[in-house]
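There are 2 protein chains.
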Amino acid sequence: MYRSHNCGELRIEHVGQTVRLAGWVARRRDFGALTFVDLRDRYGITQLSFNEEYNKVLLDSARSLGREFVVQAIGKVTERSNKNSKIPTGDIEIVVEELQILNSSLVPPFSIEEETDGGDDIRMQYRYLDLRRDPVRQNLMLRHQVARQVRNYLDNLQFIEVETPVLIKSTPEGARDFIVPSRMNPGQFYALPQSPQTFKQLLMVSGFDRYYQIVKCFRDEDLRADRQPEFTQIDCEMSFVEQEDILNLFEGMTRHLFKEVKGVDIGTLPRMTFDDAMSKYGNDKPDIRFGMEFNYLNDLVKGKGFNVFETAECVLAICADNCANYTRKQLDELTEWVKRPQIGAKGLVYVMCNADGSYKSSVDKFYNQDDLKAWAERCGAKAGDLLLLLSGDLHQVRKQMSELRLEMGQRLGYRDKNVFKALWVIDFPLVEFDADNNRWHAMHHPFTSPKPEDLDKLETDPGAIRANAYDLVINGVEIGGGSIRIHDKNVQSRMFKLLGFSEDEAKYQFGFLMNAFEFGAPPHGGIAFGFDRLCSMFGGADSIRDFIAFPKNNQGRDMMIDAPSNIENKQLDELKIALKA
Amino acid sequence: MYRSHNCGELRIEHVGQTVRLAGWVARRRDFGALTFVDLRDRYGITQLSFNEEYNKVLLDSARSLGREFVVQAIGKVTERSNKNSKIPTGDIEIVVEELQILNSSLVPPFSIEEETDGGDDIRMQYRYLDLRRDPVRQNLMLRHQVARQVRNYLDNLQFIEVETPVLIKSTPEGARDFIVPSRMNPGQFYALPQSPQTFKQLLMVSGFDRYYQIVKCFRDEDLRADRQPEFTQIDCEMSFVEQEDILNLFEGMTRHLFKEVKGVDIGTLPRMTFDDAMSKYGNDKPDIRFGMEFNYLNDLVKGKGFNVFETAECVLAICADNCANYTRKQLDELTEWVKRPQIGAKGLVYVMCNADGSYKSSVDKFYNQDDLKAWAERCGAKAGDLLLLLSGDLHQVRKQMSELRLEMGQRLGYRDKNVFKALWVIDFPLVEFDADNNRWHAMHHPFTSPKPEDLDKLETDPGAIRANAYDLVINGVEIGGGSIRIHDKNVQSRMFKLLGFSEDEAKYQFGFLMNAFEFGAPPHGGIAFGFDRLCSMFGGADSIRDFIAFPKNNQGRDMMIDAPSNIENKQLDELKIALKA
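Just so you know, the sequences run in chain order A and B.
Each residue of the first sequence is one higher than the one before, starting from 21 at the first, in the working numbering.
Each residue of the second sequence is one higher than the one before, starting from 21 at the first, in the working numbering.
Simulated from the structure, these hints should not be mistaken for laboratory data.
In this text the structure is predicted, and so the values were computed from the model without any measurement.
Fair warning: there could be bad hints in the mix.
Heads up, the list lumps identical chains together, so a pair's fine if it works in one copy or across two of them.
In silico DSS-like pairs for lysine-lysine, Cα to Cα no more than 27 angstroms straight-line [claimed, not checked]:
no.: 1; residue 1: K359; residue 2: K419
no.: 2; residue 1: K590; residue 2: K600
no.: 3; residue 1: K419; residue 2: K441
no.: 4; residue 1: K380; residue 2: K349
no.: 5; residue 1: K527; residue 2: K590
no.: 6; residue 1: K590; residue 2: K517
no.: 7; residue 1: K282; residue 2: K441
no.: 8; residue 1: K359; residue 2: K300
no.: 9; residue 1: K393; residue 2: K300
no.: 10; residue 1: K385; residue 2: K324
Same shape as in the complex, but just chain A:
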């Protein structure tokens, strides 16, 4: 061992001991005959002290140390005259007696501090240096901690972690697969799993009863802001359960994680139907850290000659607390905000609920004080509040209003990262219609069970079928989702048919699952959590990237190792594939 202690553990009670430390030079300060070096490792920082009077050669040696040099120091733990209460080792320092440079370092391209001066690209290129920064390391330690607590919770409930294969079969359904040419089977390809969905269902058929896995999954999608081509899921499945059992068990897990990792009691999770979520928040992942629910004003706004509202399918309002004092400039800016292409609203109507009980709106020409008062009452607005109205096609306007609501919540400070509000969204539709391709798509996936009472609509009114499907939503982010699965092969056949699979296609792609269902499949269901997202939520961050040790950028590139890369022709030849121009 190069060290007797780490850089985070020495305290006043160690004074007098001779110790051996090793770590990185975080900082060096020279004062006349004295030099202090902050030695850093994963566990903390300890001050090394060098004194010309005590040892001139050592002092010179210390003064040759650059940032990020790796050194070993032997010396005596000594009480500091000038204590630093900010760090746990701040009561002591090491009066160094021997110093060895274990490795030198070039000057890092950015500073290894809490707040760095490095931009995203350079941090990613030198990720191994970025990972030395305390906040990034803390993120990964948090991730480890979350994984441990997930395992503890599930292990104690007799779940078995089973590794499912990474080299599987491509299915054209759903997102795009990454594929892997097989050398031993020329012309054939493996695919990397988008999830272990079919395997975990097979494990249920096998009687494994309670399965989980913290597992890498892969999707070859064009990467939106915060997606990664490889990501990690907490994947779970249980047999002989109903929806209620799964909700309870994983609500327990969620509570356990918040308690153990964050020290927060999130209480009992409310449940909200998909329809309610869409109606109140225009969003199937509502952020319920704040209210600002939607109000439907159709019946109050029609017949007054305001053409925009007259022709609108839906007129929606939200009430922003204490915003009646918004300036013209602020309102204009907000109007521009909703008119951006990302939101796509045509305009924004506002009503200020003045302190004196009067109302001032952008549509005063069409609506009198009584009209506006009725709106305000519908919205539960009080004096000093601001109503914001959007109108249009129901589906569109809900979406736009959801964005506006979140934006206002943000501006009003209602979306505190240290407050956690979780809920279950349930009763999702089974399928949604894809007008472009004139076909039904599974809302979750083709294995999701319809609610038994809706089963007879499978051929007659698919859009009206609710699924035994559920999402765990925390702070407006979908953290997990799952469903009770179909375990009856006939229902599964009908589902495949509804989704437009020919019998041959279904057989080719999922034949093994259909076959398995012939041999006694138990009722089963499960859930999967986005592990990267869960960790970033615990870490109070928006991006998952800094909770992944070696992430890829938006072009799917690992900037550090410079992958993907060209490969040798020999490799392509062996695989019997060629590049196309």
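Chain A is fixed; fit chain B onto it per the hints.
Relative to the frame of chain A, chain B by itself:
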């Protein structure tokens, strides 16, 4: 919940309770007015009882149940008149009051019993049924248990599990990579990792200090008997350590695993140098459950006119206890065994150490009793033992004798699967010469550190350099291996040069690691364990296949899902690759 209890938990103290069970029909027995059904789930088997007198309709319903039907039964726990002491629930049965068939089953293609009548191929095709068999499920539960104990041990020692990427960069060095075409970067490819080697070293550069990961790795090799294209490693790395630290810590882990999983104390692990292992056992993974060490007879056998020995570089003998009574037929058979192409010996010389103190050998024509006595003494043979001699080129004959020793150990029952003997093999050569390609190969990998005292031979006598490398060997199987790594970029450059990498190649393939070494790499080292192999060893099995939920066959095929498979041209087009004839 479809059940109030599982099929393994009901005992005599539950008698009188009304319970709800769910599971699979393992067996049905009809006797006159009675029917018994063994209901099976992961947790055990519980007997359901149906009686015509009590309920004729239920009895008929029970008699309609086929093997592997999934049922739910509600009934009263009752003391059995005819107790079954072989199963934990054998004191009770459920007198069924309600029975619901949750799913039917076709007759399985093989019996779901401890010992099955299914061949390998059919078991793999219907793996989901094979996994219902108790021994296979036990294997996977053992695997889960081993993983848990690994994590417990390492977590307690402040190791952090960090996930390293699966989509990395191809390196032509070493075994063949699986590659993944990148759609977003046409013409470029990711590779699947053969191990997270470089990433774990980068994590050390990052100051993570103690890393581990239970991680999937990939090798596109022609699959020998017991290899899988995807396999799992326990991958570990530590900073500021010397070889001794790593050996001690992971010896502790090995001891912990044996204690917790097998209830076995494996004691302190002996250490053996590579040279000793080769000299005494002809094998760098010696099975030390038994002795039968090699004896070198060169000095005793020469000059007696036996041409085979005269011209041999090396004459080796092992002593097989109490085998002097081998018949002519047995000796002939053994001779044929060593002459098989897999072993490749030209012949076998034997010496029987008779009970009366005389010797009988196959080379009596050349050697007298005194000669043979000297051999026997060299071998420590006693009356009743049998000496077996092979001769030839040192390297070859050691290999052959190692095989013969293992075979004799097997025949003599010295290789009991319930006895565990572990050791460290240390001081491996750094490199070995590949005469075919006239170049040096790294024995472990290019990052392995030479012993400091041998460093100056890097350019002058590479073959003589010992590495700070070590293997954990248990019962003759390499379970783990690792090394202290090079952390000095100059040494790493010299190593790359020795291995025939041009500077450009080294930079292209490992530039990020070389760059990282410029910024303060700490001394570090690590180890990786073959997790599949470790589990199969704990399970007392020779093959890893039944310790993997969904293994592939020797053609790299998943027989169950039928992968790899053809993919749609659209996918190839998107990836800008084409199949070659």
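Against the structure, the hints come out as follows:
{"no.": "1", "hint": "K359 x K419", "in the structure": "within (13 angstroms within a copy, 78 angstroms between copies)"}
{"no.": "2", "hint": "K590 x K600", "in the structure": "both (16 angstroms within a copy, 13 angstroms between copies)"}
{"no.": "3", "hint": "K419 x K441", "in the structure": "within (21 angstroms within a copy, 66 angstroms between copies)"}
{"no.": "4", "hint": "K380 x K349", "in the structure": "within (15 angstroms within a copy, 111 angstroms between copies)"}
{"no.": "5", "hint": "K527 x K590", "in the structure": "between (36 angstroms within a copy, 20 angstroms between copies)"}
{"no.": "6", "hint": "K590 x K517", "in the structure": "between (44 angstroms within a copy, 23 angstroms between copies)"}
{"no.": "7", "hint": "K282 x K441", "in the structure": "within (13 angstroms within a copy, 44 angstroms between copies)"}
{"no.": "8", "hint": "K359 x K300", "in the structure": "within (22 angstroms within a copy, 82 angstroms between copies)"}
{"no.": "9", "hint": "K393 x K300", "in the structure": "within (21 angstroms within a copy, 97 angstroms between copies)"}
{"no.": "10", "hint": "K385 x K324", "in the structure": "within (10 angstroms within a copy, 125 angstroms between copies)"}
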